[in-house]
Structure formats: C-alpha cells, structure tokens
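Residue numbers for the sequence shown follow the UniProt record's numbering, beginning at 1 and rising by one.
Honestly, the hints are just simulated from the structure, not real lab data.
Here the structure is a predicted model, which means the values were calculated and not measured.
The beta carbon of each residue, even a glycine, is placed where N, CA and C say it ideally should be.
Certain hints may be false.
To be verified - Derived Cβ-Cβ restraints for the label pairs, each shown as a range:
| # | residue 1 | residue 2 | range |
| --- | --- | --- | --- |
| 1 | 166 | 264 | 38 to 44 Å |
| 2 | 292 | 415 | 37 to 43 Å |
| 3 | 236 | 409 | 49 to 55 Å |
As the list claims (entries may be wrong) - Restricting the straight-line Cα-Cα distance to at most 20 Å, the calculated cross-link-like pairs of lysine-lysine (PhoX-like) are:
| # | residue 1 | residue 2 |
| --- | --- | --- |
| 4 | 260 | 239 |
| 5 | 308 | 250 |
| 6 | 253 | 308 |
| 7 | 271 | 250 |
| 8 | 116 | 135 |
| 9 | 422 | 392 |
| 10 | 246 | 271 |
| 11 | 239 | 253 |
| 12 | 392 | 308 |
| 13 | 392 | 355 |
| 14 | 250 | 239 |
| 15 | 271 | 239 |
| 16 | 271 | 252 |
| 17 | 260 | 271 |
| 18 | 271 | 308 |
| 19 | 253 | 271 |
| 20 | 252 | 308 |
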Amino acid sequence: MAGGFDGSSTWKLEHGQVRLINIDRMPIHHKALDKRRVSRRKKSPTEETRKRSKMLTKLTRGASKADLKSEPPARPTTPKYLKDYFDYDKNSSSEESASDEDKTKEPAKTLDMSQKIYLTACIKEGVAPRRRLLKGLTQDGLNVNNCTLAPSDIKALAYALTTNMCVTSLDLSGNEIGREGMEYLVEMLEENMTVTELRLSNARLGLYEVLLLTEMLSENMRITTLEVSGNDLDDECAKCFAEALKYNRKIKKLNLSHNKFNETGGKILAKSIETNDSIEYLDMSWNSIRMLGAIAWGDTLYNNVDLKHLNLSWNGFGDEGAASIGEALEENNTLLTLDLSCNRIGFEGSRAIAKALGNNSSLESLALSQNPVTTQGAVELLTHLQINDESKLQELLLEGTQVTNEADDLYEEIRGFRSEFKFVHGGHVISPDTLAFKTVKPEEKNCRSNKS
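Build the full structure now, drawing on both the sequences and the hints.
Following this line, the structure appears as structure tokens:
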C-alpha cells in the first residue's frame with residue numbers, strides 16, 4: 001500500500017508525516033464505550049533498551065541467513081499526491097507516471113482536522129479510508145450513498161464529523177446502517193453543530209433504529225431536512241415520528257415515502273402534522289393510507305396553515321378521502337402544490353375537488369393523474385377553474401384521463417386570461433365515456449344541454 005501507518009502516531013502522505021489525532025480522548029469515543037480518560041505511563045529507559053536489543057538481535061540473525069547474492073526487495077515509496085494513496089492505474093507504466101508528475105507538479109494539500117481524525121479512526125477500526133468520504137469532509141454536502149458502508153465505516157465517519165464545521169448535508173442512503181451504526185450516528189449528531197440535512201433512504205432501518213433517531217430529533221433542533229423513504233417503516237414507527245414531532249419545531253422538509261404506513265399509521269401521522277407549525281414540505285407517497293387514514297389528512301389540511309407542498313400519491317384515498325381533501329381545500333389558502341395521483345379517485349371524488357377549486361386562491365399545482373375521474377370529471381375541474389377569478393392554479397395534471405372537445409374549449413377560455421396555465425391529459429375522445437354518463441344524474445345532463 002502506498003502510504004500507511006509507520007508504527008507510531010504518524011501517517012505518511014504526499015506532504016510528509018502528519019501527526020494524527022488521539023481519538024481515544026474524543027467525547028464520542030467515551031460515550032460509545034463508557035470509558036474514562038486515562039493518562040498513559042511512559043516506559044522506563046530499561047524497558048526501551050531491552051526491547052531495542054531484542055529487535056536488533058532478530059534482525060541480525062535474519063540477515064545472516066539471507067542469500068547475499070539475491071537482489072534486495074524494492075522499497076515501497078510514499079505517494080507524492082493524496083490521490084495516489086487511494087487508487088492507481090494497473091495499465092500505466094512507471095515512466096508515464098514519472099512524466100505526468102513532472103508535468104503537473106501539484107502542490108501538496110494540507111489535511112483538514114476532520115480528515116486527520118477520519119484517517120486515525122480508520123486505522124483504529126481497521127478499515128480502508130474512502131477517498132469520496134475524505135474529500136467530502138471539506139465540502140458543504142457529504143454524499144456517500146450506496147457505498148456499502150459497514151458499521152465500522154460509519155464509526156470512523158462519526159469520529160470525523162463530531163467536530164467538523166464544514167458539512168451541512170449528510171447523505172447515507174443505500175447503506176445498511178444497522179443498530180451499531182445508528183448508535184454512532186446519533187451520538188455524533190448530538191455533538192455536531194452544522195449538519196442540518198440528513199438522508200437515510202433505503203438504509204434498512206428498523207424499529208430500534210427509528211427509536212434512536214426520533215429520540216435524537218426530540219432534542220436536536222438543528223435538523224431541518226429528514227428523508228427516510230424506502231425503509232418499510234410500519235405503524236409502530238409512525239408512533240415514534242409522531243411523538244418526536246410534538247417537540248421538534250425545526251424540521252421543514254420530511255420525506256416518509258415508500259414505506260408501509262397503513263390506515264392507523266396514516267391517521268397517527270396526520271394528527272401530528274395537523275398541529276405542527278414548521279413542516280412546509282411533506283412526502284407521504286407510496287404508502288397504504290386508506291379509509292379513516294385518508295379522511296384524517298383532510299382534517300390536517302383544514303387546520304394546518306404552514307404546509308406548502310404535500311405529496312399523497314400512490315395511496316388508496318378513494319372518493320371518500322378525496323371528498324375530505326376537497327372540503328379542506330375550500331378553507332385552506334396556504335397550500336401551493338398537491339399530488340393525489342394514483343389514489344383510485346373517481347368522478348365523485350374529482351367533483352368534490354373541483355368544487356374546492358372554485359373557492360381556493362392559493363393552490364398552484366394539482367396532480368390527479370392515473371385516477372378514473374372520467375371525461376366528465378375533467379370538465380367539472382376546468383369549469384370551476386374558469387369561474388374562479390382569484391385562482392392561482394398554473395398546472396392541472398390529468399395524465400391517463402382522456403378528454404372531450406368540451407374540456408378543450410374550457411382550457412382555451414382559461415388560457416385567454418391566464419396564459420401560464422398548463423393542462424396535461426391522456427388524449428382526446430369524440431364522446432364522453434360510458435362511466436361518465438352513469439355517474440352524472442339525468443337532471444344535470446338536461447341542465448347542461450339547455451345551457452348549450
């Protein structure tokens with residue numbers, strides 16, 4: 001290996017020998033292992049002399065047995081550049097490397113304190129330093145997602161980040177954190193003063209890891225962005241997050257998508273978000289929130305005045321959940337974007353939302369794609385948008401829903417006084433679909449025909 005540990009507390013790199021940090025005396029080490037800081041006694045001169053004598057005797061005996069005619073082995077050289085410690089090119093010759101070094105003559109880089117701590121921790125834990133991680137310690141964002149980090153790697157990282165003052169965003173997604181890794185991570189976040197964004201998506205978090213994380217969030221008021229999507233979290237985990245959100249008033253962006261929250265978990269989380277005054281962006285997509293859980297989100301939108309962006313796509317809201325959302329949108333004038341795609345919303349549900357669009361004055365984007373809203377549901381949505389002069393809706397997404405010429409005419413009328421309005425649908429049909437005729441009452445049909 002080019003560069004390495006020389007037996008003392010120095011690390012040989014391109015700029016010479018660097019004195020490393022004694023991480024045994026760092027706060028996180030003693031918290032994790034419950035050790036006391038002790039001062040080590042220096043060895044007596046007699047002991048040092050005896051050891052040196054034994055070592056010289058061994059070397060002398062080994063040299064006498066060696067073949068003097070054989071060529072001595074090549075002595076490993078210390079790399080000139082930091083990048084040479086981590087990788088090398090098997091196909092490049094030594095002559096090419098020498099010529100490249102002569103051309104570049106890059107100045108030696110000085111290691112940051114957290115980088116020195118990281119290298120020391122890697123030696124202590126017996127893991128290979130990651131070039132990507134070492135470089136990220138001096139940047140705002142440290143992204144080591146999908147790097148197959150083991151708990152020992154995370155422990156070395158935790159040492160480095162304990163006193164780091166550069167990193168504000170930490171992405172550990174795609175790594176199997178585990179119990180031990182989460183313990184180190186939580187201890188670090190209690191000491192660190194700069195990390196505000198934490199991403200742990202697809203990290204195979206279980207209930208124990210979530211308990212540690214949410215306990216930390218109850219006291220840590222520096223985290224503003226948290227992503228834990230794709231971890232198969234269940235309703236028990238939902239209780240942990242709901243409890244943490246009672247005390248945490250700093251998180252602005254929360255991503256809980258691609259988990260296994262059911263009706264109970266959806267209801268618990270909706271209740272906690274209802275009284276939360278900090279979260280502005282919330283992603284609850286790709287869960288299994290249905291029935292009473294879906295209705296509870298309508299109550300949340302009715303009472304919460306701080307939420308700006310809400311993604312509830314790929315759940316099972318149905319017409320009942322859509323009706324609850326529609327009632328809330330009539331009163332809510334702070335929500336900017338709402339995604340209800342793939343929620344089994346039919347004509348009745350779309351009509352409830354259409355009625356809300358006739359009174360809402362804040363919503364800028366509404367997604368109802370891949371829902372069976374029918375051709376008549378599309379007409380209802382556009383009709384109520386047309387009569388609302390205060391509407392700020394700039395985007396209506398109905399992908400997968402076919403529309404008639406009547407919807408096209410309404411769209412052109414809206415574009416006449418709102419040129420930025422965008423309407424996306426699933427194509428055109430000559431006549432309304434059969435389902436639309438079945439859902440519309442006969443008196444409503446006659447009323448529309450008389451108007452035309």
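Okay, the hints, checked on the actual structure:
1. 166 x 264: 38 to 44 Å: holds (42 Å)
2. 292 x 415: 37 to 43 Å: 40 Å Cβ-Cβ, so the 37 to 43 Å window holds.
3. 236 x 409: 49 to 55 Å: holds (52 Å)
4. 260 x 239: holds (13 Å)
5. 308 x 250: At roughly 15 Å apart (the allowed maximum being 20 Å), residue 250 and residue 308 satisfy the hint.
6. 253 x 308: holds (10 Å)
7. 271 x 250: With a Cα-Cα distance of about 18 Å, the restraint between residue 271 and residue 250 holds, given a limit of 20 Å.
8. 116 x 135: This hinted pair holds, its Cα atoms lying about 12 Å apart.
9. 422 x 392: holds (12 Å)
10. 246 x 271: OK: residue 246 and residue 271 at ~10 Å, within 20 Å.
11. 239 x 253: Holds, at about 19 Å.
12. 392 x 308: holds (14 Å)
13. 392 x 355: Holds, at roughly 15 Å.
14. 250 x 239: Holds, at about 19 Å.
15. 271 x 239: The given pair, whose Cα atoms are some 11 Å apart, holds under the 20 Å limit.
16. 271 x 252: The hint holds at about 17 Å.
17. 260 x 271: With a Cα-Cα distance of about 18 Å, the restraint between residue 260 and residue 271 holds, given a limit of 20 Å.
18. 271 x 308: holds (17 Å)
19. 253 x 271: Answer holds: residue 253 to residue 271 is near 17 Å, not above 20 Å.
20. 252 x 308: holds (10 Å)
The structure meets every hint from the earlier list without exception.
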